[in-house]
Amino acid sequence: MTASRSIALVAPAEPRPVALESVLVARARGGDPQAFRALFERHAPPLRRFLRDLLRDAEAADEATQETFVRAFRNLAAVRDPDRLAPWLFGIARHVFHEQLRARKGMALPAPEGAPEPVDAAPTPEMLLLHREAGGLLERALAELPEERRAALLLRIDHGLEYEEIREVTGWSLAKVKNEIHRARLELRARLAKYVGGA
Amino acid sequence: MMDRACNREELEALARGRLSPERSEAAIAHAAACAECQRELSWLRAEVELMVGRAARELAPPERMWLALVPQLPRVAPGLVAGAEPWFRRTWLVAVALVVAGAVAVVALARQRPPRPIVTVAPAADQPRRTLERDVTATQPVDGPVRVVIETSSADVTVVAGERQRLKVELTDGNGEEIRFTPIDGGYRVDFVAPGVRLFDGHGRLASGSVRVEVPEGSQPVVSTTSGDVNVQGVHGDGKVRTTSGDVAMEGPRDIDVQTTSGDVRVTDQRGAVARVRTSSGDATIVSRAAGEVNVELDATSGDLDWTGSLGGRLAAHTSSGDVKLHLAPPSGFELELQSASGELHDGLGMERLNGRKWRFGNGAGRAVVRTASGDLSVDRAEGWVPAKERGMGRIRIETVPWAMVQVDGRTPMRTPAAIDGAVGDRVHIMILQSGYQPRAVDAIFREDDQRLSFALEPDRPDR
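Residue numbers (my numbering), protein chains in the order written: chain A, 1 to 199; chain B, 1001 to 1464.
Quick caveat, the hints were computed from the structure, so don't treat them as lab data.
Virtual Cβ for every residue (Gly too), placed ideally from N, Cα, C.
Don't take each hint at face value.
[As the list claims (entries may be wrong)] Listed next, the stretches of chain B that the computed footprint assigns to chain A, with coverage defined by at least 3 CB atoms under 8 Å from CB atoms of chain A:
1) 1040 to 1054
2) 1179 to 1192
[Stated by the list, open to error] A short list of chain B residues far from chain A (calculated; beta carbon distances all over 12 Å):
3) C1034
4) D1135
5) N1175
6) T1285
7) H1327
8) E1344
9) L1354
10) D1409
Only chain B is shown next, with the shape it has when bound in the complex (with noise of 0.2 Å):
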């Protein structure tokens, strides 16, 4: 049984992360003590992952969602605001008119708008509108970096980095589809709307031809296709992918979320920590430049698992019969649990083994784990690795508070002002505590000069 000085509570609002620092550790260290806590903060974590993964994997609602919902609403929305413009009868009006109209709805609606409309319709800037060309191009004044949702079926999608002050589409050998961008949460939807009536049918998806997509530097492409491939390249920006048998490849993004079916992904130049990769039957490649702290889930049936990068955070990879293949740059250093019916690993890493299952390398801060059936886990260094004692040696000195201790990767902790020695391009995760003050933590990377890190604590507010 739990005992006083247990808190369920507490307990769920560290596993959600809603804990001040103080508290945090305070009940890590009960936890840590108590065996019934240990494994409610087991469960609680489980929980909070697998909800997290659900609430990821969920699309967004599909557009007809939003236009079906628009010509129901006047029927019970007369009057919502005293003295309000009555926005909704005027649109009622105007579907009832699309469904009159037939043929001709969409443009009808188009020049019988409201003076604020539900969506944006932006034809292209530079010519007249003309649906039956197959080359179209349509551009939208943007403030910076926006969140820019695609869908096509089998039209392959271009992501480009381009001007800050816009979003261009260009779709080329399209059937006369009408480019539309619409408003949503932090940015546009990007609708291709075929010639003749399809507005509450769930248009959109683009059947053939190439979208090319112009967004600034930073943006955030969201893009779904059946058959079509998607390419980003140099948006640097978090990137979420849907496909199911087109290819995925990425260049210098942030985040990214990918699922396909039997689509390859490749990705390189990652620049952010975390990577959810999803594919079936295809191949997934993914070159990581962030240091140290990444979040990689990786998940396959039959096909390969490639991850190049730098290892001190978390990496969780699944195949069935795929094989897994860890190119490690540092500074990496981690624990490495294998679960495999079958396979088998090969370590080019030298590895320390802990159990018949358990690897570790360098400091153990990061976890990873590879589970397989019949697939194979090699780990090995990434191409230009440098072993530790050919990179020279670095120092960093810590100063801040007098009496406050430090502790660097977890170790015992010290008194400040300190000093650390590590090998050029280790990193270490170096946390700051003393009572009466909020604790501090940053990562530092050892370089080849001596570096001075100085910190100014802040005084103990209340825990929200």
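Here chain A stands alone, though its shape is the one from the complex (with noise of 0.2 Å):
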């Protein structure tokens, strides 16, 4: 131990480049194919999934989100906020699903699978975790709220949007926005404690 150096740091991974969202949608709105096809990219897989936890129907859900591509594509000139494309998005839709739904009146949608076996009797959020059927569990809390606080909940959790924005995505009062989504967490995690605890 005699000579004396800088030490060598763990660097972070570098970010990777990526276009700002307001370029894209300039260059769709004038025509650019690219940038079409590089929101589509960006943005299909969240939409497919939102979709999909609404509908529970794979195939109906990718038809949504092609209808919502259609819809968006024909209405970017009207987006007010090309830096926040997800709310705009996610609103259309969500209108799209009301209207799946709609079509559909009378049909159920398809029901969440079986329930799974009680593993524990004292559940915590760490032994869900542990639960190698974690996700599954998940899937069936989620089929099981009620499509508005589920769709609230979720564009909250999973896809990051902020109170505001689920608020411009649902047109309902912030204090709804943020009522609906503390119930939906509460149920989740009561249905998730179950599951786990066999409570």
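Both chains come to you apart, so use the hints to assemble them.
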């Protein structure tokens, strides 16, 4: 231990350059097909998951995703904040979902799959994470939430929207947005705890 | 009930990693003393973890979704922007022409393509397009590392590092498929278009032959096959692989995300800290060279899980009947929890037992959770491990602004300038705290020589 030298630090991963949303929107408004494609690549996975969560039917969700993009591309000139495209797209997706729901009037959405085996009597969030079927339990618990409440919760916890953005998507008051998400969270946790703990 | 100091939205921001370091520390300190907030934070963290895992499992939408979207656009999008090129209309006309043209549509589209195409067709640079050739090569100029998406059915896929300015795809023993490069966010999707019209029916999953892809080093391959094997060698970028029965071999990747049903997974020389490997009956073997702060999730049903590396971060391994083997290298320090119905622990490391199912090793900074039904867990030293007492001691001197506090591995803070000693090769987490400045945190590794670490702290700024 004689010589001195500066220490080697563990460098974080370099961020990958990503085109700004507003740039893509501007290019798409100008008719650039690659910009449309880039917007589709960026937003299709979360929109498709959101619609699948609401419709619980993969094929119907794919159709609804396509319809969402058809409407979005048609109305791209109307986007007010091109840097915040996601809330606007989720708003369209939610509208498409409601239309599909009305079209299916009288037809029940697919029921969630059978109940899992309870494994423990004192459930905690950590135990939930350790449960090898945690993903399946989550899907089931989400599926049992009322549709509107489920949508609001997923916009918050899955898609990372701010409360104000969810207010824009849903058209609810801010107080209602917060209240619905809070209630959805409590319901979700109660169901998850029940599955994990069998309580 | 939460008292006035409790702030649910702040806890949520903390769980999502959206809080400034100062507010994070305050929130963590509050939660540590408030059972209600502690439980809320646990739930929020579980929520984030589940949601991240859920999003990570999401595959990109199939190409057919985009291709099906394109011909629908003209019915609703004439005159998208006043004065803009009527791109949709012309594409729609091309699409109609495709239907009419039947079997010659692919060629027709390529010839009648508008000036700015939806997909970039890149036939071999050094040979004319011959759609019935069984061996086809195509290249695409790029500016450096890119994301490359490849889907096949039973064709094997090999991805290697090549020239920095191009993608090169070689299809061997195919059925006359044409290779196309479709621009996607951050790179290209490689599609294989069979002779005849299959443009709108979800083409692109190659049923025979083998594919060799050369990418710039640092690129991010995303490969999906049904029964085809996947081999990624020396690319040194993040890798994402999905197979049903195909085996997966990766050498030198950064972060990895691999899922198979019955395929075996073998990863060597992993350089990234994040590994997510999920298999049903396949075995998974991962050798990591990331130092300490790893984030590893391994999941199998009947397959065995075998991980080698330095553990100072988080590792979760779940199996039903498969065994879990952890071969640990310095600098490792962790708490281990084993939950198993009938599986046993074989401790070749000499861990300190904390209770019936928890053990501690080293500084206990990392956390490993292993859950099995009947599978056993064995923990031992990785090949070449040298015990700390045989490695000699190193010293790190820490210098920064006057009167700052330094905290090492979460222990009691001390004033700077400070010096810490440790076994060569061991890793420490150092945090510098001084009011009026933003905290700094770094990881450092003891070396044989004396090291000096100087911090220049940034003054406080607003939270976001």
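> Closest CB-CB distance from B/T1285 to chain A, is it above 12 Å?
Replying inline: holds (20 Å)
> Does B/D1135 really sit off the interface, with its C-beta more than 12 Å from all C-beta atoms of chain A?
Replying inline: holds (29 Å)
> Checking the smallest CB distance to chain A, is B/C1034 really beyond 12 Å?
Replying inline: Its Cβ never comes within 12 Å of chain A, the nearest being 16 Å, so this holds.
> Taking C-beta pairs only, is B/E1344 more than 12 Å away from all of chain A?
Replying inline: Since the minimum Cβ distance to chain A is about 18 Å, B/E1344 lies beyond 12 Å and the statement holds.
> How does the coverage statement for the segment 1179 to 1192 of chain B fare against chain A, requiring three or more residues with Cβ below 8 Å from a Cβ of that chain?
Replying inline: Coverage by chain A holds here, the residue count being 5 at a Cβ distance below 8 Å.
> Should the label of B/H1327 as a non-interface residue stand, given a Cβ cut-off of 12 Å to chain A?
Replying inline: Per Cβ check, B/H1327 is outside 12 Å of chain A; nearest 22 Å; holds.
> Is it the case that B/L1354 keeps its Cβ farther than 12 Å from each residue Cβ in chain A?
Replying inline: holds (16 Å)
> Per the coverage rule (Cβ-Cβ under 8 Å, at least three residues), is the segment 1040 to 1054 of chain B covered by chain A?
Replying inline: Contact hint for the segment 1040 to 1054 of chain B vs chain A: holds, 11 residues under 8 Å.
>> Just want to verify: B/N1175 was marked as not at the interface with chain A; is every Cβ pair farther apart than 12 Å?
In response: holds (27 Å)
> Would you say B/D1409 is clear of chain A, with no C-beta pair closer than or equal to 12 Å?
Replying inline: About 15 Å separates B/D1409 from the closest Cβ of chain A, which puts it past 12 Å; holds.
In the structure shown, no violation is registered for any of the earlier numbered hints.
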